[in-house]
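Colleague: Chain by chain, the residues:
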Amino acid sequence: MTEVSFAVLGLLLVWGTAVGLDLVSVPQGLLSRPLISASVAGWLVGDLETGLRVGAILELFALDVLPVGASRYPEYGPAAIGGVLLAAGLPKWDGVGVGALLGLLVAMLAGYSLEWLRHANARDVHRHSAELDGGSTAVIRRLQWSGLARDAVRSSAVTAVALTLAWLARAQLDGAVRMPTYLTPVLVGVGLAAALSGALRTAGRGRRLAWLGVGLAAGVVLAVVVTA
Amino acid sequence: MKGKGRALVRLLAVQGAWSYERMTGVGMGFAAEPLLRALESDEPEHHREATARAAEFFNCHPYLAGLALGASARAEYEGVPGAQIRRLRTALCSPLGALGDQFFWAGLVPIMMSLALVGVALGAGAVGLATVVIGYNVARLLVTRWALWTGLETGMQVGTAISASWLPRAAARIAAPAGLVAGLAVPVVGAWLLSPVAGPRLAVTLLAAGATLALVRWGGARWTSLRVGLVFALVVLLWTRFAP
Chain Y
5 MTEVSFAVLG LLLVWGTAVG LDLVSVPQGL LSRPLISASV AGWLVGDLET GLRVGAILEL
65 FALDVLPVGA SRYPEYGPAA IGGVLLAAGL PKWDGVGVGA LLGLLVAMLA GYSLEWLRHA
125 NARDVHRHSA ELDGGSTAVI RRLQWSGLAR DAVRSSAVTA VALTLAWLAR AQLDGAVRMP
185 TYLTPVLVGV GLAAALSGAL RTAGRGRRLA WLGVGLAAGV VLAVVVTA
Chain L
22 MKGKGRALVR LLAVQGAWSY ERMTGVGMGF AAEPLLRALE SDEPEHHREA TARAAEFFNC
82 HPYLAGLALG ASARAEYEGV PGAQIRRLRT ALCSPLGALG DQFFWAGLVP IMMSLALVGV
142 ALGAGAVGLA TVVIGYNVAR LLVTRWALWT GLETGMQVGT AISASWLPRA AARIAAPAGL
202 VAGLAVPVVG AWLLSPVAGP RLAVTLLAAG ATLALVRWGG ARWTSLRVGL VFALVVLLWT
262 RFAP
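Protein sequences appear in the order of chains Y and L.
Heads up, the first sequence is in the numbering used here, so the first residue is 5 and it goes up one at a time.
Heads up, the second sequence is in the numbering used here, so the first residue is 22 and it goes up one at a time.
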């Protein structure tokens, strides 16, 4: 089991907060993609390979998400960090699946926290409608900074939940007689289908769909060549 | 116009106070502040009205918000009536949202992340990921800057400028390369993630993939890939716990 110090846990919390802010608030620069957030988390806990593998599975799921408008969608970034912490403490092959499962669970719960944030911001804005309509720059600044602060608190709370669940699960699974051997292949299969489903939705019909088919064929050839 | 640099930086957080009530309105007002500051001493009443308009309801793709911000700021300095500026902002919401979602969320982001997945599977590791993140953020900054500058230069003519720009053509054409790269990534990443296994585990993977595609495509909106993953995982956990 990879030992993790409290200093590393602190760094993971800081990283998770930055990742959570990146999703909607600032700067929306791919840090919140699970492949990126999990890889950095893997590097922080001293197991980059596990970070890449957990991140890749969750990224396949994330490719099926179109984060448009006011819809509720899963938040994979901070969730992936908890997944990596858990997977790094378990046997390699089975651990990746267990870590990815924790990531999926936390990602779903984190989606609800985004709704809470939007409602909390709306209540704050509603309270200051009169000043906003009067063109108060001080109120605009205050609302903007409190919105960012609220999202930072939300992101760190989601990360803290993910890390706590990972920590508790590590203790439970340490030395477990039976690991869920088929969890990793099942989640890889669902993830591959998720990414393909997202690509099919974007491609639509006709020539665009043909390009997807060309990509798939090229990918199969490349996969065979690489694994041969 | 002064304050362009500060407005550009503030645009990076245009969704910082996103709410169901005004959506990105408060973020737009925050980003507009440096641009409108010159009005404050000369025309304080006009400044208050312009600031209030900037913070009203607004929603579009965050990377393209600078087009509306720049155009409305210039219109304020040109003395365009407030009602006309409001109509401009309202008219820009849907096209900027649709173009941005199509180009960035459904095009460029899947392309970059699919490339990152292929890179990781082929052994590019952290260097490959860093290249993708840096490349994407350079493009994101250039687009944000282009949007603000174009809005400031064209003012009320911003709609014509958008139509004549690279954006509509790029948004229409990006789906093909996005499909190509996503298609390439799926088998390559699958082979990499499954590389230590064969036999029953490979069969389980293919079965899970087929069942998921069927449920997600034809099972109704309730069956998202995330929910399918959680349900299938629960089945595996129960089987592991109770199977002899």
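Calculated from the structure, these hints are not laboratory results.
Keep in mind that the hints are not guaranteed to be accurate.
[As the list claims (entries may be wrong)] Label-pair ranges, simulated between beta-carbon atoms:
no.: 1; chain 1: Y; residue 1: Arg76; chain 2: L; residue 2: Ala119; range: 13 to 23 Å
no.: 2; chain 1: Y; residue 1: Val230; chain 2: L; residue 2: Leu163; range: 53 to 63 Å
no.: 3; chain 1: Y; residue 1: Ser75; chain 2: L; residue 2: Ala193; range: 35 to 45 Å
no.: 4; chain 1: L; residue 1: Leu163; chain 2: Y; residue 2: Ala221; range: 31 to 41 Å
[Stated by the list, open to error] What the simulated footprint calls covered on chain Y by chain L, stretch by stretch (three residues with Cβ under 8 Å from a Cβ of chain L suffice, anywhere in the stretch; the number is not a length):
no.: 5; region: 40 to 49
no.: 6; region: 82 to 90
[Unchecked claim] Here are a few chain L residues that sit away from chain Y, every Cβ distance over 10 Å (derived from the structure):
no.: 7; residue: Thr171
no.: 8; residue: Ala191
no.: 9; residue: Arg262
We put the beta carbon where it would ideally sit given N, CA and C, even for glycine.
Colleague: All the hints need checking, so say for each whether the structure fits it.
Modeller: Verification of the supplied hints:
A beta carbon spacing of about 20 Å between Arg76 (chain Y) and Ala119 (chain L) agrees with the range 13 to 23 Å that was offered as a hint. Hint check: Val230 (chain Y) to Leu163 (chain L), Cβ distance near 34 Å, so the stated range 53 to 63 Å is violated. Taking 35 to 45 Å as the suggested C-beta distance range, the pair Ser75 (chain Y) and Ala193 (chain L) does not conform, at roughly 23 Å. Between Leu163 (chain L) and Ala221 (chain Y) the C-beta distance comes to about 34 Å, which sits within the given range of 31 to 41 Å.
With 3 residues having a beta carbon nearer than 8 Å to a beta carbon of chain L, the region 40 to 49 of chain Y meets the requirement of three or more and the stated coverage holds. Interface restraint, the region 82 to 90 of chain Y with chain L: violated (0 residues with C-beta to C-beta distance below 8 Å; minimum three). Remark: the non-interface label on Thr171 (chain L) is consistent with the geometry, its nearest Cβ contact in chain Y lying 20 Å away (cut-off 10 Å). No Cβ of chain Y comes within 10 Å of the Cβ of Ala191 (chain L); the nearest lies about 15 Å off, and the non-interface call holds.
The Cβ of Arg262 (chain L) sits about 8 Å from the closest Cβ of chain Y, inside the 10 Å cut-off, so the non-interface label is violated.
Hints 2, 3, 6, 9, counting from the list given before, are not met by this structure.
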